Amino acid sequence: MTQTVYENSSLQSNLFVVWSEFKKNMKFLTAYPVIFVFWAVFPIFWFIPFILQGQAFVGGLESPSFGLVAGTEEYIPFIVIGAILNSYVNTLLYGVGESIRREVLQGTLDYVFAAPTNKVFVLIGKAISESVSSTIFATSQLALSVVLFGLDLTLGVVLPVFFIVILLIMGLYGLSLVLAAVSLMYKQSHDVSETIGYVFYVFSPVRYPIESLPSWAQVVGKLIPLTYALIIVRGIMLIGTPLSEMYFEVLMLLIIDAFLIFAGFYMFNWMEDKTKRSGTISHF
Amino acid sequence: MEKTEKNKLRQINCPSGYSWANLKAELRAIWEGNVKAWKIDFAYPVSFIRQLISPVVFMLPYLLYGLVLIGGRYSENLASLVGTGDAVAFIFTGYIMMGFIGTAVWAMGFSMRREQWFGTLEAIYVTPASRLGQVLGMAVHSTIHQGMGTLMQFLFIYFTFGLTMNISGILPALGIFALMMFALYGFGIVIAALSLILKEGWIVSDSFYSVMSILSPVAYPLTVLPTLAQQASAIFPTTPALIGMRTFLITDYVPEVVGNVFLHLVILCGVWILFGVFIFHITDKYVRKKGMLKKF
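In order, the protein sequences belong to chains A and B.
Be aware that the first sequence starts at 1, since it is given in the numbering used here, and climbs by one per residue.
Be aware that the second sequence starts at 1, since it is given in the numbering used here, and climbs by one per residue.
Hint data in this document are derived by calculation from the structure and do not stem from the laboratory.
Keep in mind that the hints are not guaranteed to be accurate.
Reference excerpt, derived from the structure (chain A facing chain B, CB under 10 Å, subset only) [said to hold, decoys possible]:
| no. | residue |
| --- | --- |
| 1 | Trp46 |
| 2 | Leu52 |
| 3 | Val58 |
| 4 | Val69 |
| 5 | Val192 |
| 6 | Val202 |
| 7 | Val206 |
Quick caveat: nothing in here was measured; it's all calculated off a predicted structure.
Each residue gets a CB set at the ideal place from its N, CA and C atoms; glycine is no exception.
All chains should be built: construct the whole structure from the sequences, respecting the hints.
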């Protein structure tokens, strides 16, 4: 007598789906070791020009005018933290948002949709695998930055920073669910992901403090979860502000997360139903 | 008799060898490659518009970060290094090159790989035309496309920050730009050849792009780099081109490296184009011999 997964309780079955999807994606990742090494190391090269630009423009490692706006005169750790947190946006938005599209291209979406399971759990499995891989890459980049740029990292800040990273990931899950929903219906979600990536890159304080933007752009920036995550993490790591003193930013991040997750689940279920009715699941 | 007539009907006159007719035919093939790429672009208008504004989006962080760092537009330290402290003019003249590096590394480098994804690479390989035509067709398309992006950057900078440039330097700067593009085409051909062998060639492209963007004096003068990196940057056409163009376009700019940029670029043109064509032909023969065209 063999027991299939469908005979188990609903929760167990759903967890099994999440676990299987997670394992599948991790197998994909480890099947290409060069790609793995690339993401663990190469993003550092993308922010090196900003560090060199800083040295050319101010002639040292600190800028008093930068300190007036950013709260810290040291621009190198500011840039490093911005780049590492932004790497979560790159992997989660493009990774999860386009995962549905990837299943279409691989010819496996029909089978995924025919499986007797809630598709949201498939996406949760994809999102968790992307988060784990993003965290591995971010940790590697952080370790390299500590060695190369002398980034000061103490154990005391690791826990609150990890907590904020989880909150950021939750918000990005919601957004990537919206993108997956768009991908189901309109197939080419790439442009939407790219455009959202642009908005994050320009309006969030990834490379510069949000205060340097015009006031209307600051309003846009304050609707983005990455903005709050960056403000909090820089506050903890660079200025030494305790997490409890940044309760407003944490609260804002939680509110945005809740909204995005709700919108993501609602849109994905709606679009799934719509595509099933219209019979366009396997369309390219 | 009847059989011979039928064969004649099927016969197509293809010019070959080093003749004027063949050159015309190859140029036509390059042009058609360019037209095809534009048709694909216009088929996705949203994507086209996004790509048009992306040069501005990616330039903005360099500008805003630079302005916050120095607390204004003028950098004393930059002026001590290159004679001019105008950060906006310096970043703009440097950043316009980034898009053209992308032209060589991404557009040309991936032209063959893209055909493979579309499932049309074999069809292109059996046409009686040089395979390089496909790469060069994409080069024409992406140069025009990037030119439009650069115009967007210029308009944005001009209307947002204002830009003072030496008008009389535009013509020699364009000459330098043309030489740089020819050398970059050679570089792009090398990447295209590599993408035929290395199926995950985007890693090669991205690696080259990252290294070139660090070694080229885009947002900082060359003197900021360590000596070894400064010497290594001389093999990329963007380095002499940026120094030369800034010399002609920015008043008071003092080139960080003394030398004849025209001669440097002419040598790089010859070397990169010859090297590119040589590598492409070797790779082309190799992948056909090994039957690798269909492999993903």
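Hint check, failures only: Structure breaks no hint.
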